[in-house]
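S.K.: Each chain, letter by letter, is given below.
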Amino acid sequence: MELRMKVSKSFGAFNLKTDFTVTGDHVGIFGESGSGKSTLVSLLAGLSRPEEGEIFLDGECLFSSHRGIEVPPQRRRVGIVFQQPSLFPHLTVESNLLYGYKRCAPQHRTIDLAALVSVLKLDGLLKRGVNKLSGGEKQRVALGRAILANPRLLLMDEPLSALDDSLKFQIIHYLKSTSERFGIPYLFISHSLLEIRLMTEQVLAVAGGRIIGQATPEQLARERMGQSQVGYINVLKGEALRKMGGLHVYRWGTAELFVSAGDDGPSATFELSSRDIILFKKHPEAVSARNLLKCIVVDTFPSGNKVGVELRCGSETLIAEVVMQAADDLAIQAQNEVYAVIKASSFRRLG
Amino acid sequence: MLLLTSADYDAIRLSVKVALAATVISLPFGFVFAYLMTFFKFRGKALLEVMVNLPLTLPPVVMGYLLLVALGKNGWLSPLLEPLGIRLIFTWKAAVLASAVVGFPLLVRSIRIGMESIDYQLVQASRTLGARGLDTLLTIILPLSRHGIIAGSSLMFARSLGEFGATIIAAGNIPGVTQTIPLAIYEYAASPTGETAALSLCVVAVAISVLVLLVHEFLSTKLARRD
Numbered sequence: 001m002e003l004r005m006k007v008s009k010s011f012g013a014f015n016l017k018t019d020f021t022v023t024g025d026h027v028g029i030f031g032e033s034g035s036g037k038s039t040l041v042s043l044l045a046g047l048s049r050p051e052e053g054e055i056f057l058d059g060e061c062l063f064s065s066h067r068g069i070e071v072p073p074q075r076r077r078v079g080i081v082f083q084q085p086s087l088f089p090h091l092t093v094e095s096n097l098l099y100g101y102k103r104c105a106p107q108h109r110t111i112d113l114a115a116l117v118s119v120l121k122l123d124g125l126l127k128r129g130v131n132k133l134s135g136g137e138k139q140r141v142a143l144g145r146a147i148l149a150n151p152r153l154l155l156m157d158e159p160l161s162a163l164d165d166s167l168k169f170q171i172i173h174y175l176k177s178t179s180e181r182f183g184i185p186y187l188f189i190s191h192s193l194l195e196i197r198l199m200t201e202q203v204l205a206v207a208g209g210r211i212i213g214q215a216t217p218e219q220l221a222r223e224r225m226g227q228s229q230v231g232y233i234n235v236l237k238g239e240a241l242r243k244m245g246g247l248h249v250y251r252w253g254t255a256e257l258f259v260s261a262g263d264d265g266p267s268a269t270f271e272l273s274s275r276d277i278i279l280f281k282k283h284p285e286a287v288s289a290r291n292l293l294k295c296i297v298v299d300t301f302p303s304g305n306k307v308g309v310e311l312r313c314g315s316e317t318l319i320a321e322v323v324m325q326a327a328d329d330l331a332i333q334a335q336n337e338v339y340a341v342i343k344a345s346s347f348r349r350l351g
Numbered sequence: 352m353l354l355l356t357s358a359d360y361d362a363i364r365l366s367v368k369v370a371l372a373a374t375v376i377s378l379p380f381g382f383v384f385a386y387l388m389t390f391f392k393f394r395g396k397a398l399l400e401v402m403v404n405l406p407l408t409l410p411p412v413v414m415g416y417l418l419l420v421a422l423g424k425n426g427w428l429s430p431l432l433e434p435l436g437i438r439l440i441f442t443w444k445a446a447v448l449a450s451a452v453v454g455f456p457l458l459v460r461s462i463r464i465g466m467e468s469i470d471y472q473l474v475q476a477s478r479t480l481g482a483r484g485l486d487t488l489l490t491i492i493l494p495l496s497r498h499g500i501i502a503g504s505s506l507m508f509a510r511s512l513g514e515f516g517a518t519i520i521a522a523g524n525i526p527g528v529t530q531t532i533p534l535a536i537y538e539y540a541a542s543p544t545g546e547t548a549a550l551s552l553c554v555v556a557v558a559i560s561v562l563v564l565l566v567h568e569f570l571s572t573k574l575a576r577r578d
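Quick mapping for you: the protein sequence lines, in order, are chains A and B. Counting along the first sequence from 1, when you hit position 347 you're at 347 in my numbering, and nothing is skipped either side. For any residue, its number in my numbering is found by taking its place in the second sequence, counting from 1, and adding 351.
Read the hints as simulated data drawn from the structure, not as lab findings. Please note: incorrect hints may appear among the correct ones.
Stated by the list, open to error - Below, a list of computed lysine-lysine pairs in the DSS-like style, where the Cα atoms sit at most 30 Å apart:
id, chain 1, residue 1, chain 2, residue 2
1, B, K424, B, K368
2, A, K6, B, K396
3, B, K396, A, K102
4, A, K282, A, K243
5, A, K176, A, K237
6, A, K17, B, K573
7, A, K306, A, K281
8, A, K282, A, K294
9, A, K132, B, K573
10, A, K294, A, K281
11, A, K343, A, K294
12, B, K573, A, K127
What the hints assert, rightly or not - Chain B residues, not near chain A, derived (Cβ > 10 Å throughout):
id, residue
13, V367
14, I376
15, Y386
16, L405
17, F441
18, L473
19, A482
20, T490
21, G527
22, E546
23, C553
24, F569
Quick reminder that beta carbons are idealized off the backbone N, C-alpha and C, glycines included.
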């Protein structure tokens, strides 16, 4: 997918003005509420009209003020999954799913209902009214409905914001697996850096109606580490090994992690704040924390008034954060060996 | 025991016919008007709104007189109607028109309330799923406005059944031709021997009104269950 948007749009005192080109299949738009993310979505989908500028998607002009081109939303083939599922309440799940499919030109119909229902696990729900579904089911149907319209680009506008944490990470799995399975590129819009990191490969940062940067999610996370209340969030994927003394043990790369928030599933993803990692210069003899990982310092970087430390733990990477004085005391610099100590209760399960 | 004459039966039949015709004819116009007023911004919208709601505030007799002036033999619209051989004044069609004009704002208001309760994101979702404007109107807005349409139609029908002032001016009070239940009751009330007959027609009017409300309630409950 290649998207070029050079547009301006004003609402009262708010003014959106962008000029960017982005290429990639999993692109994020990150910004705080009111930064202009949803306006961008609306302009791209054709739901509102820029005052001037142009929009090109994969070389096709969707809007050009000076050439007088404005492709209507129904002909753009740009699907949207909104924050609220916005399912048609008078239709069944099946009719909702087929709404876009029936309106899609036959030559574009490459995804069929049966395949989608199977991927999204909607088998038992097809004849139900949408008001009888749970929040997670509704969002899966909304995703399926958008995908079945066979769009060439899917816009996901904060699709996880209305869901609670436990559902959020289940839906992330569906969002990723469905778009990958059917080869549909997406633009994922969120104010959550964690969601952006889990969903995208590159990201546009938006603030005050302007694009303020374009980076990988990892770069953005490190840049914003010092400003964040919770530091850098490490995302760790582990394979369940065993249970021991009320804790779950997971294989993480070549290391083992002792986690109190585990479950009986074969694998799990956890988040761990960089501020929950304590670094030791030497092997501490005895600590109450259950995880003691021998690491090599790969790099250090400034993070507000602290220092971010990139660590290599076997085959995996971990970002820790220490105050400057501690970095000096521990002589933290590239290639040095340190021990990272993490409490079993510091891991938060994502899904 | 109801004491109804054949003229009373004519009045009952005519009342139902006029109310039904006024409601059915007004419904598509009311729906389109409510749609325009709910989903579009355009120049002169406020003025149009005032014009449509005017019958709510004007005495019905004034509306009837305006219809008479517009549609009468030398009325404003006679150059248009006469060549086509259309004569409305003092026919049952004038009663339909009078009821339609007076009841129209009630119909539009109810449909608008229904439309305004539709989440606009549903309309947007439908557009991004490939629906054109008319397609969205018919497949999303129309079915989701059905509560408002039913409420508006019931109100309009009931209002038409009771319409008196505009009807008596524009259609007259001709038994068997333009005399509806309210006009017949009016005539009986003015006669020293008409009390029983007037009361009988009142009972019929109450019965029809209760029936309309019951049908409205039944349809609303049925829709609410489906939702």
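S.K.: All the hints need checking, so say for each whether the structure fits it.
M.R.: Checked hints:
1. B/K424 <-> B/K368: holds (25 Å)
2. A/K6 <-> B/K396: violated (34 Å)
3. B/K396 <-> A/K102: violated (36 Å)
4. A/K282 <-> A/K243: Distance ~29 Å between A/K282 and A/K243 Cα, so the pair holds.
5. A/K176 <-> A/K237: Cα-Cα ~16 Å, so holds.
6. A/K17 <-> B/K573: Violated - the C-alpha atoms of B/K573 and A/K17 are around 50 Å apart, more than 30 Å.
7. A/K306 <-> A/K281: holds (18 Å)
8. A/K282 <-> A/K294: Since the Cα atoms of A/K282 and A/K294 sit roughly 9 Å apart, the hinted pair holds (cutoff 30 Å).
9. A/K132 <-> B/K573: holds (17 Å)
10. A/K294 <-> A/K281: Between A/K294 and A/K281 the Cα gap is close to 10 Å, so the pair holds against 30 Å.
11. A/K343 <-> A/K294: Holds, at roughly 15 Å.
12. B/K573 <-> A/K127: Holds. B/K573 to A/K127 sits at ~19 Å (cutoff 30 Å).
13. V367: Given that every Cβ of chain A is farther than 10 Å from that of B/V367, nearest at about 31 Å, it holds.
14. I376: holds (26 Å)
15. Y386: holds (17 Å)
16. L405: The assertion about B/L405 holds, with a minimum of 34 Å to chain A.
17. F441: The claim stands: B/F441 keeps its Cβ more than 10 Å from every Cβ of chain A (closest is about 45 Å).
18. L473: violated (6 Å)
19. A482: The claim breaks: B/A482 does not keep its Cβ more than 10 Å from every Cβ of chain A (closest is about 6 Å).
20. T490: violated (8 Å)
21. G527: With a cut-off of 10 Å, B/G527 remains clear of chain A, as the shortest Cβ separation is near 45 Å.
22. E546: Given that every Cβ of chain A is farther than 10 Å from that of B/E546, nearest at about 51 Å, it holds.
23. C553: holds (40 Å)
24. F569: The assertion about B/F569 holds, with a minimum of 19 Å to chain A.
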